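Engineer: Single-letter residue listing:
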Amino acid sequence: MKPLTKTSLVAGALALAMAVPAQAKTLTVITSLGAVPGPRAYVAIYVTDPKGKVYDTIHVAGREAKYHQHLRGWVRGARKSRTKPHSVTGASAGSGKVLKAQFEIADNLIAAGYQVRVDTAVENFADVPKAAVLTLGKDTSVRGRGIVRKVEVH
Amino acid sequence: MQSARSLHRWVSYGAILPGLLLAVTGVALSLMPLNEAVSTGSLTPAADVSVADVASAIARDVPGVERIAKSANHTITADFFHADTFGSVVFDPATGNISPKPEPTGMWGTLKSLHRSLFLGDIGRGVTGLTALSMLFLSVTGVWIIVSRMGGWRALISPPATRGWKLVHFQAIRIALAGLAITSLSGVVMSLSSFSLLPSTNTPEPLFPDLSGAQMIAIAQMEALQSTPLSQFRELIFPFDGDPTEPFMLATNSGVAFVDPATGQITAFEPKSLWGHLYELVYLLHTGQGAWWIGLLMGLSICAAPVAVASGVALVLTRPKSPLSGIKIAPASRAKDVILVGSEGGTTWIFAAELARKLTEAGRAVHVAAINDMRENYPKADNLFFFAATYGQGEAPESAHQFDKVFAKFERKDIAVSVLGFGDRSYPEFCGFAQYISAQAKRAGFECLDELTLIDRQSLQAFAAWGAQIGEKLGISLTLAPRLATTAPTHLTLLRNTRLGEEVGAPVSILRFEIPNKGFAKFGAGDLLGILPPGSDVPRFYSLASSTKDGFLEICVRRQEGGLCSTHLTQLVPGARIKAFIKPNPQFRPARNSNPMILIGAGAGIGPLMGFLRGSKGVKPAHLFWGGRSEQSDFLYQGELKTCVETGQLTQLSTAFSRDQSPAYVQTRLKEQSSEVARLISEGAEILICGGVNMAQDVARTLDEILMPNGTSVAQLKSQKRYLEDVY
Ligand SMILES: Cc1cc2nc3c(=O)[nH]c(=O)nc-3n(C[C@H](O)[C@H](O)[C@H](O)COP(=O)(O)OP(=O)(O)OC[C@H]3O[C@@H](n4cnc5c(N)ncnc54)[C@H](O)[C@@H]3O)c2cc1C
Ligand SMILES: Cc1cc2nc3c(=O)[nH]c(=O)nc-3n(C[C@H](O)[C@H](O)[C@H](O)COP(=O)(O)O)c2cc1C
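Protein chains in written order, with my numbering: chain V, 1 to 154; chain Z, 1001 to 1728.
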């Protein structure tokens, strides 16, 4: 699969507002799914502050906007930060899928305990907000829940 | 009107195939809610328990439960994630039983996706959405056409005066209309919503609460769940994997709430929007999910849609071939005589074709066209004939809607105009449209070939008389005998001829004929027997006093001075044979209810009234007002009427004799009993009148006087189809 690249405008704007030195890193997040029951899954991969406020959306699998509300943690966190949960979308994901995406983040935010979070939703099953939570600068790999087997960041 | 009709027709051609598919799959799917209700036992209402009871029972028995949901059909399912696998079970709140969720049967799913998207994904969903929109359009224009054609909203509910395929078509449309209008409107809304063209109907999550993060209390102890009855419940989402930073999410009929697992209290609530409530109603009406009987009703109603389509096709196929076929029609530019036709049901064309045929046979160049197609000029023409029927409330029939426009453009004034009106005296505006044409022609200064002539109920005699007179004017002999579509005449054998009234100068016969064979058309009292008298092609009509069930054909015939047919008939002896056929007359017939009927007639007019009395078998209280000349001489059905009074089949008999000691007419008797008559009418009685035109007019005037204090009138009763006349 071709890695997805994303340059965050929000990151830039926030960085300016907070007058933070623009020392940044480009990281790759790899999300591995286990068995997906039934139809394909919707997945949101995003960056939040330690309290869950969305700072940046890295990737959303699943194109139909009306199902995005089932990615609850993501929608919720975006509401908190008053950013529109702009979706960087690709196809919804089936069993065993590995989603790779790149993102850019300032060093000081990594130091502040910002997190990469993954939400999932599968039709007819419960939505799983925070199926995986990986704290940047602390973990490089965490086990997920539900259909998420593992999330790694390099 | 014209454009609404052609739009209606074109849209229906376009929507017919997908429309039928949606109707058929829709009818099948209408059984789905009932099927689910039966198979999950949710036909019986949910037990009176709280969400706390249900959720704690499920949490105890289903490890890893993450979500409990109640479907629109009240089925409770629980989803779990345990030992790395997902699964679902069904919970029965009445018994506490947990069973594996039944696999959705393939058939329903297949049907549903066929109905939703024709297996064509988004394109199919677009097609079905547009089809629903077309159906909605057809329902609205269909109602509009019925209402404007029949001249009122009442037409939608009152019984139609037609038969055969037309009756099937009309009834099927009426039945299908309710279901079609509701399901197509809701279908359009659902389609727009599925394309996100309408605001979202989902209640958004409330703002995420600050949670204490403390130890979770037992589900059974959570107050928010205890206070929510199962009837209000929609969905409960557990903190995944017992995550202490996540709340419970509880969706109910009224909105979405977060519940703090540590306190069991609601910490945030988002009410469902008005639009959300509305959409649920739309969904309920369309799918019947949650009320299986609504599904069934819709399904039943829509069952009639394919019947409407099939009978519509049958109508088109069985439409008789053009009455003009076989006649050499001259082009408009060369015609001497031009016949312009205003017709809706088509019979006026048959009359026009007969005139055209006979004029052509006499060597004249004749052109025939619809009034709507009137040219700006007919350069060679001497005579312009308008043959015009009337519809609605004295309005133009379909083929004459453009009359004002085309007539105003007509260039010549030196042409002789003749107007022949076709109508029905029982409508308030008898031949209203022909009268309008005649007035316009006079106003525009046209020369008149003859005075306006009005033909009641396609009377062939009146038409023949008009033809004879026109022939004289044109200097040719014109014998007009159009063949209206009827069954071929059959020979009938006379069983009995009861002759009365000779002494008082009103000879009248009760004639009873044998029903010739099993295949003879079914008939009812009030239908007409068309009789072809020897030496004439023009049938005479007589109202039947019996129905097929009585086992004989009976008519009452008054001998007219010099009358061809009536003289022949009244002199017949048993065993004699005549040529006759049945002409249905469904508009003259008592309603099928138990309301009283007031029967009014004079002379031979008693015929069909006697028939109604025989047919009602005492179900409808009957009051008969009948007038003759002398009790001793022409009291028709005297014996049978007395028996009816004795058995109670006839509630009241009032006779009036004009040549006896104290001369009286039927209207005299009506006046004497005005309070009783008014009472019966206010109780919903219907009035059926049969006999001569003069008698009918006197009766109408008298009844108007009687009804005035009650604020109603004959015209109003007529519009309610409670005042029916058969006058001649
Ligand atoms: C719907 C309907 C229902 C009917 N029901 C009945 C019923 O139940 N019982 C019943 O008795 N009748 C009924 N009639 C009337 C019936 O159809 C005939 O019209 C009637 O019997 C006269 O027909 P005839 O052949 O005897 O007279 P026709 O020969 O047709 O003559 C009709 C009248 O015109 C006069 N006449 C004939 N030729 C001329 C002429 N050249 N110039 C001037 N006058 C002329 C005759 O003297 C006669 O009075 C009904 C009519 C209709 C339309
Ligand atoms: C729905 C309907 C409404 C009618 N309204 C009137 C009316 O208002 N006045 C009238 O004289 N005849 C009325 N008639 C009778 C017709 O004008 C008459 O039957 C005529 O002969 C029909 O001719 P057509 O078959 O060429 O249309 C009506 C008939 C129908 C079916």
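Some clues are possibly wrong.
Once the Cα atoms are required to be at most 27 Å apart in a straight line, the calculated DSS-like pairs of lysine-lysine come out as [to be verified]: (1) K66(V) to K1336(Z); (2) K1473(Z) to K1522(Z); (3) K1549(Z) to K1409(Z); (4) K1522(Z) to K1442(Z); (5) K1336(Z) to K1409(Z); (6) K1272(Z) to K80(V); (7) K1442(Z) to K1413(Z); (8) K25(V) to K138(V); (9) K66(V) to K25(V); (10) K1718(Z) to K53(V); (11) K1642(Z) to K66(V).
Covered stretches of chain Z (in silico footprint by chain V; criterion: 3 or more residues with CB under 8 Å from a CB of chain V, positions within the stretch not fixed) [stated by the list, open to error]: (12) 1227-1240; (13) 1654-1668; (14) 1680-1687.
From the derived model, a few chain Z residues whose C-beta atoms are all more than 12 Å from chain V [said to hold, decoys possible]: (15) A1004; (16) V1065; (17) E1066; (18) R1067; (19) I1068; (20) T1077; (21) S1088; (22) K1101; (23) S1193; (24) D1210; (25) E1246; (26) Q1402; (27) L1454; (28) G1551; (29) T1643.
Derived from the structure by calculation, the hints contain no laboratory data.
Everything numeric in this text was worked out from a predicted model, so none of it was measured.
The beta-carbon is built from N, C-alpha and C at its ideal position, and this holds for glycine as well.
Engineer: Look at each hint and say if it fits the structure.
Structural biologist: Tested hints:
1. Among the hinted pairs, K66(V) with K1336(Z) is inconsistent with the structure: their alpha-carbon atoms are about 72 Å apart, more than 27 Å.
2. With a C-alpha separation of about 43 Å, the suggested pair K1473(Z) and K1522(Z) falls outside the 27 Å cut-off, and the hint is violated.
3. Proximity of K1549(Z) to K1409(Z) is assessed by CA-CA distance (about 57 Å); at most 27 Å being required, the pair is judged violated.
4. The hinted pair formed by K1522(Z) and K1442(Z) fails the criterion: a straight-line CA distance of about 47 Å is larger than 27 Å.
5. Restraint check for K1336(Z) and K1409(Z): the C-alpha separation of about 20 Å stays at or below 27 Å, so the hint holds.
6. At roughly 21 Å between alpha-carbon atoms, K1272(Z) and K80(V) fall within 27 Å of each other, so this suggested pair holds.
7. The hinted pair formed by K1442(Z) and K1413(Z) meets the criterion: a straight-line CA distance of about 11 Å does not exceed 27 Å.
8. Among the hinted pairs, K25(V) with K138(V) is consistent with the structure: their alpha-carbon atoms are about 15 Å apart, no more than 27 Å.
9. Restraint check for K66(V) and K25(V): not satisfied, since their Cα atoms lie roughly 33 Å apart, outside the 27 Å limit.
10. Restraint check for K1718(Z) and K53(V): the C-alpha separation of about 75 Å exceeds 27 Å, so the hint is violated.
11. At most 27 Å may separate the alpha-carbon atoms for a hinted pair to count; K1642(Z) and K66(V) exceed this at roughly 79 Å.
12. Counting residues of the segment 1227-1240 of chain Z whose beta carbon lies closer than 8 Å to any beta carbon of chain V gives 3, which reaches the threshold of three, so the coverage claim holds.
13. Here's how the segment 1654-1668 of chain Z fares: 0 of its residues keep a CB closer than 8 Å to some CB of chain V, so the rule of at least three is not met and the hint is violated.
14. By the rule of at least three residues with a Cβ nearer than 8 Å to a Cβ of chain V, the coverage given for the segment 1680-1687 of chain Z is violated, with 0 such residues.
15. Even its closest Cβ contact with chain V, about 37 Å, leaves A1004(Z) beyond 12 Å, as expected for a residue assigned away from the interface.
16. A beta-carbon of chain V is positioned within 12 Å of the beta-carbon of V1065(Z); the least distance is around 9 Å.
17. Not every CB of chain V is more than 12 Å from the CB of E1066(Z) (nearest about 4 Å), against its label as outside the interface.
18. The non-interface label for R1067(Z) is inconsistent with chain V: the shortest C-beta to C-beta separation is roughly 4 Å, within 12 Å.
19. With 12 Å as the threshold on Cβ separation, the claim that I1068(Z) sits away from chain V is violated: the shortest Cβ distance comes to roughly 10 Å.
20. Listed as outside the interface, T1077(Z) is inconsistent with that label: its C-beta sits roughly 9 Å from the nearest C-beta of chain V, within the 12 Å cut-off.
21. Not every beta carbon of chain V lies more than 12 Å from that of S1088(Z), the smallest distance being close to 7 Å; the non-interface claim is violated.
22. Separation of K1101(Z) from chain V is inadequate, the least Cβ-Cβ distance of about 9 Å not exceeding the 12 Å criterion.
23. Not every CB of chain V lies more than 12 Å from the CB of S1193(Z), the least distance being 9 Å, so the non-interface label is violated.
24. D1210(Z), annotated as away from the interface, has a beta carbon of chain V within 12 Å; the closest lies near 10 Å.
25. With a closest Cβ-Cβ approach of about 7 Å to chain V, E1246(Z) is found to fall inside the 12 Å limit, against its non-interface label.
26. At the 12 Å boundary, the C-beta of Q1402(Z) stays outside the reach of chain V, the nearest C-beta of that chain being 50 Å off.
27. Consistency note on L1454(Z): stated as away from chain V, and its beta-carbon is indeed over 12 Å from all of that chain's, at 65 Å minimum.
28. For G1551(Z), the non-interface assignment is confirmed: its Cβ lies about 68 Å from the closest Cβ of chain V, beyond the 12 Å cut-off.
29. Non-interface status of T1643(Z) relative to chain V is upheld: no Cβ of that chain comes within 12 Å, the nearest being about 75 Å off.
In this structure, the earlier hints numbered 1, 2, 3, 4, 9, 10, 11, 13, 14, 16, 17, 18, 19, 20, 21, 22, 23, 24, 25 are contradicted, and the remaining ones agree with it.
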